[in-house]
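Student: Since each chain comes alone in its own frame, lean on the hints to assemble the complex.
Keeping their order, the protein sequence lines are chains A and B. Sequential numbering of the first sequence, starting at 0, is according to numbering that gives the first Met the number 0. Sequential numbering of the second sequence, starting at 0, is according to numbering that gives the first Met the number 0.
Keep in mind that the hints are not guaranteed to be accurate.
Below, in silico cross-link-like pairs of lysine-lysine (DSS-like), each with a Cα-Cα straight-line distance of 25 Å or less [said to hold, decoys possible]:
id, chain 1, residue 1, chain 2, residue 2
1, B, LYS234, A, LYS47
2, A, LYS47, A, LYS27
3, A, LYS27, B, LYS234
4, A, LYS259, A, LYS283
5, A, LYS73, A, LYS47
6, A, LYS117, A, LYS131
What the hints contain is simulated information worked out from the structure, not anything from laboratory work.
Spelled out, the chains give:
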Amino acid sequence: MSMLLRVSNLNRGEPGHQLLSDISFGVKPGELVGVIGPNGAGKSTLLKTLIGYLDFSQGQIHLQDRSITGLNAKDRANLVSYLSQENTEAFPFPVFDIVAMGLYARQLGGSDQTVLEKVDSVLNRLQLIDLKSRRFNQLSGGEKQLVQFARLLVQDAPLMLLDEPSANLDIGHEFQLMSCLREDCDSGKSALVAIHNLNTAAEFCDRLILIHQGKILNDGPPEQVINPAMISDLYTDRAYVARNPHSGAVNVLPIRRHNKNRNIRIHLIGGAGSAVELSRQLLKLGCQITGGIAHQQDTDASYWLSQSVPFTEVSAFESISLNMIEQTVPWIEASDLTILCDFPIGPANLANLELASRAANLLIIQSQKEINRFFDPASQQAFDRLFIESGGDVRVQTVIGVDEVMTIVRTLLEVVE
Amino acid sequence: MLVVACLLLFLLNLAIGAVSLPIMTIINSLVDLVMVGPDFAQENDPRTYAILMHIRLPRAFAALLAGSALAVSGAAMQGLFRNPMASPDIMGISAGAALGAVLGIALGVAHWHPMIVPAFSIMGSLVTATIVFLLVGRAGTVNLLFIILAGLALSSLLGGATSAVLLFSQEYEVAQFIFWTMGGLEGRMWQHVLWPAPWIILLIVIAMFQGNALNLISQGEENAHGIGLNVRGTKVVILMLTAGLTSLAISISGPIGFIGLMVPHLVRMITGPDHRSLLPLSACVGAMFVLFCDLIGRWLIAPHEIKVGIITSIVGGSYFIYLVIRTYRQGRWL
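Isolated chain B (complex conformation) (with noise of 0.2 Å):
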C-alpha cells in the first residue's frame, strides 16, 4: 500500500506545476521510454517528454533519494541514540556541509557548473564527519556522549567560521547562500541526482540489514553486548551510515529540516519500535513527505514555488509542538 501510495505522490509530482500534464500522457510517454527508447517518446511527444525528462523526473527522483536517506539516518540514528529526539545532523554534518556550500559560493565558482555547490557541500560534511571520527578514535572506545559533544562543539565552529565567510561575501552571494540552507529541489538535474543514487541506495541497503541491531542497541549496549553483538563494530556501522546518507542528501537538495526527526516518529507512532520494520518503512515515508511537501510548494502559489525545505519544516515544526504537547499530556517519554 505503502508503495503504491509513494507511485502516486510520484505522478503527481510529474503532473503538477507550472505546466499540468494528464497523468495518462505521463504514463503513455513513461511506456514509451522505457519500452521504445528515449528518441521514439521524443518524437511522439516532444513537450512532454522536455518536460519530463529534464525538469520533474530528475526533481522527483531528487525528493524520493534525499527524502529516504534522510529519514533512513534519522531513524537509524535514534535507534543508536536510544533516544527518539536524536537527528542525523547530530555529527555536525550540516553545519560541516553548510561551511562546504558557502566557500563554493564565496568564491565565485558557483556559477561555473551546477555541480560546484553540492561538490563543496559534500566535501564541508565528509571532512567533518572524519573530523568527528578521529576524535572519536582518540577516545579508544566510540562513546555517544562524546560524539554529541564533539559534534556540538564541532558545529558551532563550523557555523562561526560560516558566519566569517559571509561576513566578507557580496550581497548576491549571502542570498544565494541562504536560499541553499532553505534547501529545495528545484533546477535539480540528472547529474544532481545520478551520481549519488547508486551510493544512496547502497548504504540504504546495508542499513536494512541493521534492524536487530538497532533493537538489541536499545536495550543498552552493556546488555547487547551481553546478548552476543559486536557493539562497537555496530557502532561504527550505523555511524558512518548515516553520516554517509545525510552527506549525500545534502548535496542533493541542501539541508531539508525535520525528515530525519519527524519521519521515523511518525513510522513508530504506526508500526512500533521494531527497526527491522521501521527502517525500511521510514524510507518509503520520507520519500513520500519529501514528495508531498514539494508538490505543496509548488501548488500552493503556482506559478511560483515555495522550496521544499520551508514546507517541512512549517509541518515538521507544528507537528513537534504537538509531540511536545502530548508528552508532556502523557506525562512519559515518547
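This is chain A alone, in the form it adopts within the complex (with noise of 0.2 Å):
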C-alpha cells in the first residue's frame, strides 16, 4: 500500500546539537500512530518539521509520494493538517469563523451555502453545535481545543498532525476526541499525535513511536512499545505496567511509594482483594505490614508484590499447606497486630483461619454485607471456632471496616511510640 507519510533520515540541527536525527519512519492509510517520548523528546519538533513549519538540515519527507519541499501552502494544507499547542485566543472570533477557517486551502469559491453546511456537520458531530455564535474567548479551556479539533476535521486532509490535542481535556472529552481520530482513521484517512497519556495512546493507537532525545528508539504496537524497562528507563521507576482489565489495553499506572517509618508490624491475612484498601491505608500511615498467606495473581497478592511488601504466596488454586503456614507463622509472632480481612472463605483457603489462630493479638473484619462468606459448613464452623479457641493471652476483637481497623491501629500506634 502506498504511504501517506514516508520519512527517511530526517535530520534538524547541526552536528552537536541534533534536535532531530535520522529519523525514519511511515505513516500508512488508515493508522493512527502516537508519537511519545518524555517531555523534550522531540516530538513537538518532529511534527513542526512534518508539516514544513521548521526547516530540516537532511533528510525527505513525502507526503502522497511528493515531496515537501516542492509544495506550496495551499496544495500541503490539503493533504495534511495540523493542530498547535499555540494559545489562539488573540481575538475573540465566534467559533463559526474559527472553524471556518480550516477550509481556507479548500478555496470553495465563496460559496457559503457549502461552508455552511461542512462547518454544521463537524459541529454537530462533536456535540458543539450550541457553541456555533459564541466568541472563542467565553468558552472553556476543553470548549477552545474542541473547537481547534472541529478547524482541523473541517480541513479534511488525509493525514492529520496533532500535537498534544488532549492536553486540556476531561477524560470525557479526550475519549470522544480520540474516538473521533479512530473513527476518520478506520475510514481510510490517517493521524499522527503527539501524546503524553501513555494509556490513551496505547488503547487508540495502531503503533506508537517512541522518541527521546530526537531519536526514534522503538516504533511499533504499543504491547511492544510500552514495557516496564522502557518506563523505568525514561519515565519513572514508580509505575507499574499492566493490561487494562477492561479493554485489555496496555497500561502505565503510577505508583506512590511509601516511607515506612512507624515502628509497628502489622500482618495481613487476605484474600480476593479484601487487604487492599486497609494496606493502602496502613501504608499511608507508615506502618510495616506483611501479607499472606495469598494465591497467585490475587488481587491482594499483586498489589503488596508492586507495593514490595513481603508476603507468602501460593499457586492459584493449590490449597495452603501446613508448610506454608508454618512459613507464616514468625512473621505473625513478630507482629504487634494480625488482622483477618473479610474474604470468602472455602477448602482452598481454610488454613489461613489456622494461620490466624496463631496470632496473638487478632483483628477481624467482619463486614455487614448480606453475603454468604463461607463456602461450605465446616468453613463456617472453623472461622466461629476462632472466637472460641482464643482464650488466655490471645485477643480476638470484631470490627466492621476499614476505618474502624485505621482507629484501632492509632490507639496502638500511641501506645507502642
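Tutor: Okay, structure coming up:
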C-alpha cells in the first residue's frame, strides 16, 4: 500500500546539537500513530518539521509521494492538517469563524452554503453546535481545544498531525476526540498524534513511535513499545505496566511509594482483594506490613508485590499447606497486630484461619454485607471456632470496616511509640 | 452610512475655519470645478475657490490620507502580532522619521522648499524599515519578537541621535522640530498630498486583501501554516505594507499619535475581530477621526488652531485609560 507520509533520514539541527536525528518511518492510510516520549524528547519539533513549518538539515519528507519542499502552502494543507499547542486567543472570533478558517485551502469560491454545511456537520459531530455563535474567549479550556479540533476536521486532509490535542481535556472529551480520530482512520485517513498520556495512546493507537533526544527508540504496536524497562528508563521507576482489565490495552499505572517509618508491624491475612484498601491505608500511615497467605495473581498478592510488601503465596487454586503456615507464623509472632480481612472462606484457604489462630492480637473484619462468606458449613465452623478457641493471652476483636481498624491502629501506635 | 458620515465630516472640514463658508457655496464651487473646470469655478466665486483650492481641500485630503493610512497599518500590525496593543511604529519607523525631519531642519535646508522636511522624514523612516528588514532577514526566519526588539533598539538609537542633533541646533530649529513632532495638518498644500496619495491608495488596496490571511494568523503562526497560509510571505507583506503606509502618513502630517492603536480597537468593538471588515472600516474611521480632530482643533479656540496631533493624543489618551480600566474590571484581555 502506498504511504501517506514517508520520512527518511530526517535530521534537524547542527552536528553536536541535533534536535532530530535520523528519523525514518512511514504512515499508511488508516493508521492512527501515537508519538510518545518524555518532555523535551522532540515530539513537537518532529511534527512541526513534518508539516514544513520548521526547516530540516537533511533527509526527505514525502506526502503521498510528493516531496514537501516542492508543495505550495495550499496544496500541502490539502494533504496534511495540523493542530498546534499554541495559544489561539488573540482576538475573540466567533466559533463558527474559527472552524470555517479550516476551509481556507479548499478555495470554495465563496459559496457560503457549502461552508455553512461543512462547518455545521463537524460542529454537530463534536456536539459543539450550541457554541456556534459564541465568542472564542468565552469558552472553557476544553471547549477551545475541541473548537480547534473541529477546525482541523473541517480541513478534511487525509493526514492529520496533532500536537497534544487532549492536553486540556477531561477524560470524557479526550475519549471523544480520540474516538473521532479513530473513526476517521478507520475510514481511510491517518493521524499522527503527539501524546503524553500513555494509556490513551495504548488504547487508541495502532502503533506508537517512541522518541527520546530526537531519535526514534522504538516503533511498533503499543504492547511492544510500552514495557517496564522503557518506562523505568525514560519516565519513572515508580510505575507499573499492566493490562487494562476492561479493554485489554497495555496500561501504565503510577505507584506512590510510602515511607515505612512507624515502629509498628502488622500482618494482614487477606484474599480476593479484601486487603488492598487496608494495606494502602496502613502504608500511608507508615506502618510496616507483611501479608499472606495469598494465592498467586490474587488482587491482594498483586498489590503487595507492586508495593514490595513481604508476603507468602501459593499457586492459584492450590490448597494452603501446613508447610506454608509454618513459614508465615514467624511474621505473625513478630507482629503487633494481625488482621483477618473480610474474604470468602472455603477449603482452598481454610488454612488461613489456622494461621489467624496463632496470632496473639487478632482483629477480625466482619462486614455486615448480606453475602455468604462461607463456601460450606465446615468453613463456617472453622471460622466460629476462632472465637471459641481464643483465650488466655489471645485477644480477638471484631470490627466492621477499614475505618474502625485504622482507629484501633492509631491507638495502638500511641501505646507502642 | 460610514461613507456618508465621512463625506459630511469632509464638507464640514471645508466649511469651518477662520472664514466660515456655507456648505451650499462649497458644493456649488466644487460642482463648478468638477463639471466645468477650474477656470469657471474661479471666475464664479473667486474667494470660495481660493480658500477651497489652496487651503482647505489639500488639508482635508491630507487628513483623509494620513488617518486611513495610520489606522489600516495599525489594524494590520495588531493582527500580525496577535496583540491588540501593537501599533504601526513598533518597527521604529516614527523614530526614523523624526531623525530625518530633525536633520532636514538642523541642516538649515527646511526653508528652501516646503517638501524638504517631508522628504527627509520619509527617507528616515524607509531607511529604518530597511535596517529592520535586513536585521530580521539575517536571522533566517521572520521572528516577530525579534522585530519588536530590533524596533525598540533602533528606536532608542535613533532617539538618541535625534536628541544629539537637537543639542547642536539653534533654538528656533528646536522649536520647529518640536512643532513637527506634534503632528499637524496646517499649511498642507497639494504638493504635500499629491505625491504620496497614489502610493497610500495602492498600499491600502493591497492591505484590503490581507484580511483573510490576518484572520488565520490570529490562530497562531503554526496553525495558520497548517491551514495552508504562506506565513512567512504574509508576514513580510504585512510588515512592508505597514512600513510604507506609516512612512507616507508621517511625511504628510508628522507623527499623529494614537490613531493606529485606537481606531482598530474602536472598530473591533463595533464589528468584531474579522479583519476582512476590520481593515476597510479602520480606513474609514481613521480618516473620519483625523478629520474630526482637525475640525475640533480649528474650532475650539478659533481663529487660533490646536495641532491635530494634540487633539488625537488627548482623545486617544483618555480612551486608552478607559480601555485599561475596562479591561481591568472585566479581568480579561480585550
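Student: With reference to the structure, classify each hint as holding or not holding.
Tutor: So, going through the hints one by one against the coordinates:
1. B/LYS234 with A/LYS47: Measuring from Cα to Cα gives roughly 18 Å; hence the hint holds.
2. A/LYS47 with A/LYS27: 19 Å, holds
3. A/LYS27 with B/LYS234: 35 Å, violated
4. A/LYS259 with A/LYS283: Given pair A/LYS259, A/LYS283 holds - Cα atoms ~8 Å apart, limit 25 Å.
5. A/LYS73 with A/LYS47: 16 Å, holds
6. A/LYS117 with A/LYS131: Holds, at roughly 13 Å.
In summary, the structure is inconsistent with hint 3 from the numbered list given earlier, while agreeing with all the others.
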